[in-house]
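> Each chain, letter by letter, is given below.
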Amino acid sequence: MIFDDDMETLPREELEALQLRRLKSLVDRVYANVPFYRKSFDDAGVRPSDVQSLADLRYLPFTEKQDLRNHYPYGLFAVPKDNVVRIHASSGTTGKATVVGYTKRDVENWATLMARSLVAAGATKQDIIHVAYGYGLFTGGLGAHYGAERLGATTIPVSGGSTKRQVILLRDFGATVICCTPSYSLFLYETALESGIDIKELPLRVGVFGAEPWTEEMRRDIETKLGIKAIDIYGLSEIMGPGVGIECIEAQAGAHLQEDHFLLEIIDPVTKEPLPPGETGELVITTLCKEAQPLIRYRTRDITSLNLTPCRCGRTFARMHRVMGRSDDMLIIRGVNVFPSQIESILLETQGLTPHYQLLVKREGNLDTLEVQVEVDEKIFSDEIKNLQRLGGKIQKHIKEFLGVTAAVKLVEPRSIQRSEGKAKRIVDMRNTS
Amino acid sequence: MKAEQISIFLENRAGRLEEVARLLAEAKINIRALSLADTSDFGILRLIVSDHEKAKKTLKDGGFTVGRNAVVAVEVPDTPGGLHSILKMLSAQGINVEYMYAFVQQSSKAATIIFRFDRTDQAIEVLTKNGITIIPGQTLYSM
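Listed in order, the protein sequences are those of chains A and B.
Number 18 in UniProt numbering belongs to position 18 of the first sequence; there are no gaps in the numbering.
Number 2 in UniProt numbering belongs to position 2 of the second sequence; there are no gaps in the numbering.
None of these hints come from the bench; they were simulated from the model.
A quick note: this is a predicted structure, and the numbers were derived from the prediction, not measured.
It is possible that some hints are incorrect.
Unchecked claim - Derived lysine to aspartate or glutamate pairs resembling EDC-like cross-links, with alpha carbons at most 16 Å apart:
#: 1; chain 1: A; residue 1: Lys-400; chain 2: A; residue 2: Glu-344
#: 2; chain 1: B; residue 1: Lys-56; chain 2: A; residue 2: Asp-377
#: 3; chain 1: A; residue 1: Lys-410; chain 2: B; residue 2: Asp-41
#: 4; chain 1: A; residue 1: Lys-96; chain 2: A; residue 2: Asp-50
#: 5; chain 1: A; residue 1: Lys-229; chain 2: A; residue 2: Glu-194
#: 6; chain 1: A; residue 1: Lys-386; chain 2: B; residue 2: Glu-98
#: 7; chain 1: A; residue 1: Lys-164; chain 2: A; residue 2: Glu-194
#: 8; chain 1: A; residue 1: Lys-394; chain 2: A; residue 2: Glu-349
#: 9; chain 1: B; residue 1: Lys-88; chain 2: B; residue 2: Glu-125
#: 10; chain 1: B; residue 1: Lys-60; chain 2: A; residue 2: Asp-377
#: 11; chain 1: B; residue 1: Lys-2; chain 2: B; residue 2: Glu-75
#: 12; chain 1: B; residue 1: Lys-60; chain 2: B; residue 2: Glu-19
#: 13; chain 1: B; residue 1: Lys-57; chain 2: A; residue 2: Glu-349
#: 14; chain 1: A; residue 1: Lys-386; chain 2: B; residue 2: Glu-19
#: 15; chain 1: B; residue 1: Lys-60; chain 2: A; residue 2: Glu-378
#: 16; chain 1: B; residue 1: Lys-56; chain 2: A; residue 2: Glu-378
#: 17; chain 1: B; residue 1: Lys-60; chain 2: A; residue 2: Glu-349
#: 18; chain 1: B; residue 1: Lys-60; chain 2: A; residue 2: Glu-344
#: 19; chain 1: B; residue 1: Lys-57; chain 2: A; residue 2: Glu-194
#: 20; chain 1: A; residue 1: Lys-386; chain 2: B; residue 2: Asp-38
#: 21; chain 1: A; residue 1: Lys-24; chain 2: A; residue 2: Glu-291
#: 22; chain 1: A; residue 1: Lys-400; chain 2: A; residue 2: Asp-328
#: 23; chain 1: A; residue 1: Lys-410; chain 2: B; residue 2: Asp-38
#: 24; chain 1: A; residue 1: Lys-164; chain 2: A; residue 2: Glu-190
#: 25; chain 1: A; residue 1: Lys-386; chain 2: B; residue 2: Asp-118
#: 26; chain 1: B; residue 1: Lys-57; chain 2: B; residue 2: Glu-19
#: 27; chain 1: B; residue 1: Lys-129; chain 2: B; residue 2: Glu-75
#: 28; chain 1: A; residue 1: Lys-410; chain 2: B; residue 2: Glu-11
#: 29; chain 1: A; residue 1: Lys-39; chain 2: A; residue 2: Glu-64
Said to hold, decoys possible - Under 7 Å between C-beta atoms, here's a sample of chain A residues computed to sit facing chain B:
#: 30; residue: Val-376
#: 31; residue: Asp-377
#: 32; residue: Phe-381
#: 33; residue: Asp-383
#: 34; residue: Glu-384
#: 35; residue: Ile-385
#: 36; residue: Lys-410
#: 37; residue: Leu-411
#: 38; residue: Glu-413
#: 39; residue: Pro-414
#: 40; residue: Arg-415
Beta carbons are placed, not taken as given, at the ideal position from N, Cα and C, and that holds for glycine.
The shape of chain A in the complex, shown without the other chains:
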């Protein structure tokens, strides 16, 4: 089943012609309306009229996450603020959150792309969809929600947390499709068993899983235990939210990226040169249709490759390999993006100094855990236990408040954290997620 049959099966030639038309209109629009792009185009010595073919994309300047931060909150809008009907933001310490704006049409397009995604995953308007992604500034919950309603399915806005209750709802409301992180689905399964409920016996048929990287092994595990098809969904809030790409239930072999809306490149993350199709590198996305906050050549930092071979589902959109890693040091913990630098600025705010620290990421059972190890040097040491405990508690509280992640804080002896000559090895990731 294909939601937007005309678009999703567009022959490559026609697709590329459409992309070029949209790209030309996009560069005119951003050059005229977004001071940041006018300047970066001028600095690169490029004019909108220079874009005559898709190959000319390579001459346009990149956009980085830092650019969004530098123009926090509304500096990259291409429309008057009155036209912006929705704001989403990623977690971050004050001033560092990434803000995304949407016009009414942007919200509708997002709903359409998400509806396409649900259909690709095997859902229909007859389905009952349990949305367990977080609702709020995070794009996951509302993104999935609007898509499910657009599809015409019965939509249950459960959001995150209260797992025992979620299990009861799964049983009582008879959901046939679930949207959440893959690791959370396994956690739901275990919690359900504790209440004597085997999710395999419930009408649940499909899981649309995203917001964190996961392996084929985990997919098999989920499919066996929950008795469902487990489908990978791709997205990032800067570009839109969930629904940028979706695996088809027919092949389950990489997410089809919605190429009528997003122009794709794979670049070498070091040289920043575009790579030929099939090569592994960093995914770069240009938003062709977004009105409020269009982005030119946005560096996603996700390492992947694109597969253009025809898919048995009939869609002509390229499929991306599972994200193999990042070209930066960002972590994804229980679906939440965490940068070590954020931990560092929290430590700085909490104590007024940055001791040596290290992040230990593990997977215990099915959920990610984060341990922040902080070296106790003379500046933070106290002869009273309560002061050290208070310090640990304060750090933990600030991390929870600003990043939304619960971290364990462990005070360790000085020099027990490895030093290195160049960039300190801040992250020890003991999970196996790629």
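With chain A's structure known, arrange chain B on it following the hints.
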């Protein structure tokens, strides 16, 4: 009137305490009194030693985080009620005891209690006014 106490941060790993003892032994430093406070994750070792400058340097060179605090060594009659009388006069003045530990001297009939107060100077004043014997640091280190 005050005495120097050194405190050492210890991770909850086997061998840390032994390492401290070894370093002090090699530096020929005598431990006069000690207390080890623990949580599930770490411990704080508090020591009164014969040479606190040397001890601090030795332990720091050995990679430990070492702190220094002023404590008060109070002579307490080694009989029931000895401790109570001391604590009573302190709480009457609203002075808080952060922690304490004791040892018995071989040479006298008194016990020595090491106190860490929230208001050290005031505590010393209260105790002296009430005729309580405070052992000065110098005496303590070489006892």
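> Does each hint hold? Answer for all of them.
Here is what the structure says about each hint:
1. Among the hinted pairs, A/Lys-400 with A/Glu-344 is consistent with the structure: their alpha-carbon atoms are about 14 Å apart, no more than 16 Å.
2. Pair hint B/Lys-56 plus A/Asp-377 holds up; C-alpha atoms about 14 Å apart against a cutoff of 16 Å.
3. Straight-line distance between C-alpha atoms of A/Lys-410 and B/Asp-41 comes to about 7 Å, which keeps the hinted pair within the 16 Å bound.
4. Straight-line distance between C-alpha atoms of A/Lys-96 and A/Asp-50 comes to about 34 Å, which puts the hinted pair past the 16 Å bound.
5. At roughly 23 Å between alpha-carbon atoms, A/Lys-229 and A/Glu-194 are farther apart than 16 Å, so this suggested pair is violated.
6. Proposed proximity of A/Lys-386 and B/Glu-98 is supported: the alpha carbons are some 10 Å apart, at most 16 Å.
7. Between A/Lys-164 and A/Glu-194, the direct Cα distance comes to roughly 9 Å. Compliance with the 16 Å bound is thereby established for this hinted pair.
8. Straight-line distance between C-alpha atoms of A/Lys-394 and A/Glu-349 comes to about 10 Å, which keeps the hinted pair within the 16 Å bound.
9. For the hint linking B/Lys-88 to B/Glu-125, the alpha-carbon distance of about 15 Å falls within 16 Å, and the restraint holds.
10. For a cut-off of 16 Å, the pair hint linking B/Lys-60 to A/Asp-377 stands: about 10 Å separates their Cα positions.
11. For the suggested pair B/Lys-2 and B/Glu-75, the alpha carbons sit about 13 Å apart, so the restraint of at most 16 Å is met.
12. Between B/Lys-60 and B/Glu-19 the alpha-carbon distance is near 12 Å, which keeps this suggested pair within the 16 Å criterion.
13. The suggested pairing of B/Lys-57 with A/Glu-349 is violated, with an alpha-carbon distance near 31 Å, which exceeds 16 Å.
14. At most 16 Å may separate the alpha-carbon atoms for a hinted pair to count; A/Lys-386 and B/Glu-19 exceed this at roughly 25 Å.
15. For the hint linking B/Lys-60 to A/Glu-378, the alpha-carbon distance of about 10 Å falls within 16 Å, and the restraint holds.
16. Note on B/Lys-56 and A/Glu-378: the hinted pairing holds, with a Cα-Cα distance of about 12 Å set against a maximum of 16 Å.
17. For a cut-off of 16 Å, the pair hint linking B/Lys-60 to A/Glu-349 is broken: about 27 Å separates their Cα positions.
18. A hinted pair counts as satisfied when its Cα atoms are at most 16 Å apart, and B/Lys-60 with A/Glu-344 does not qualify at roughly 25 Å.
19. Taken as a hint, the B/Lys-57 and A/Glu-194 pair is broken in the structure, with Cα atoms around 55 Å apart against an allowance of 16 Å.
20. A C-alpha spacing of about 11 Å is found between A/Lys-386 and B/Asp-38, which places the hinted pair at or below 16 Å, so the restraint holds.
21. For the suggested pair A/Lys-24 and A/Glu-291, the alpha carbons sit about 14 Å apart, so the restraint of at most 16 Å is met.
22. Proximity of A/Lys-400 to A/Asp-328 is assessed by CA-CA distance (about 22 Å); at most 16 Å being required, the pair is judged violated.
23. Distance hint between A/Lys-410 and B/Asp-38 is fulfilled; the C-alpha atoms sit about 14 Å from each other, no more than 16 Å.
24. Proposed proximity of A/Lys-164 and A/Glu-190 is supported: the alpha carbons are some 10 Å apart, at most 16 Å.
25. Straight-line distance between C-alpha atoms of A/Lys-386 and B/Asp-118 comes to about 13 Å, which keeps the hinted pair within the 16 Å bound.
26. Between B/Lys-57 and B/Glu-19 the alpha-carbon distance is near 15 Å, which keeps this suggested pair within the 16 Å criterion.
27. The straight-line distance between the Cα atoms of B/Lys-129 and B/Glu-75 is roughly 14 Å, inside the 16 Å bound, and the hint therefore holds.
28. About 10 Å separates the Cα atoms of A/Lys-410 and B/Glu-11, which keeps this hinted pair within 16 Å; it holds.
29. Using a Cα cut-off of 16 Å, the hinted pair A/Lys-39 and A/Glu-64 holds, with the two alpha carbons roughly 15 Å apart.
30. The beta carbon of A/Val-376 is positioned within 7 Å of a beta carbon in chain B (closest approach about 5 Å), and the interface hint is therefore held.
31. Hint status for A/Asp-377: holds, given a least beta-carbon distance of 6 Å to chain B, under 7 Å.
32. Satisfaction of the interface hint for A/Phe-381 is found here, the shortest Cβ-Cβ separation to chain B being roughly 5 Å, below the 7 Å cut-off.
33. Look at A/Asp-383: its Cβ gets to within about 4 Å of chain B, closer than 7 Å, so that hint holds up.
34. The interface hint given for A/Glu-384 is met, as the beta carbon of that residue sits about 6 Å from the closest beta carbon of chain B, less than 7 Å.
35. A distance limit of 7 Å between C-beta atoms decides the matter here; for A/Ile-385 the minimum to chain B is near 5 Å, and the interface restraint holds.
36. Because the beta carbon of A/Lys-410 sits about 6 Å from the nearest beta carbon in chain B, less than 7 Å, this interface hint is met.
37. About 5 Å separates the beta-carbon of A/Leu-411 from the nearest beta-carbon of chain B, less than 7 Å, and the hint is met.
38. At about 5 Å, the closest approach between the beta carbon of A/Glu-413 and any beta carbon in chain B falls short of 7 Å, and the interface hint on this residue holds.
39. Evaluation of the A/Pro-414 hint against chain B yields a held restraint, the C-beta minimum of about 5 Å falling below 7 Å.
40. Interface restraint check: A/Arg-415 against chain B, minimum CB-CB distance 5 Å, threshold 7 Å, status holds.
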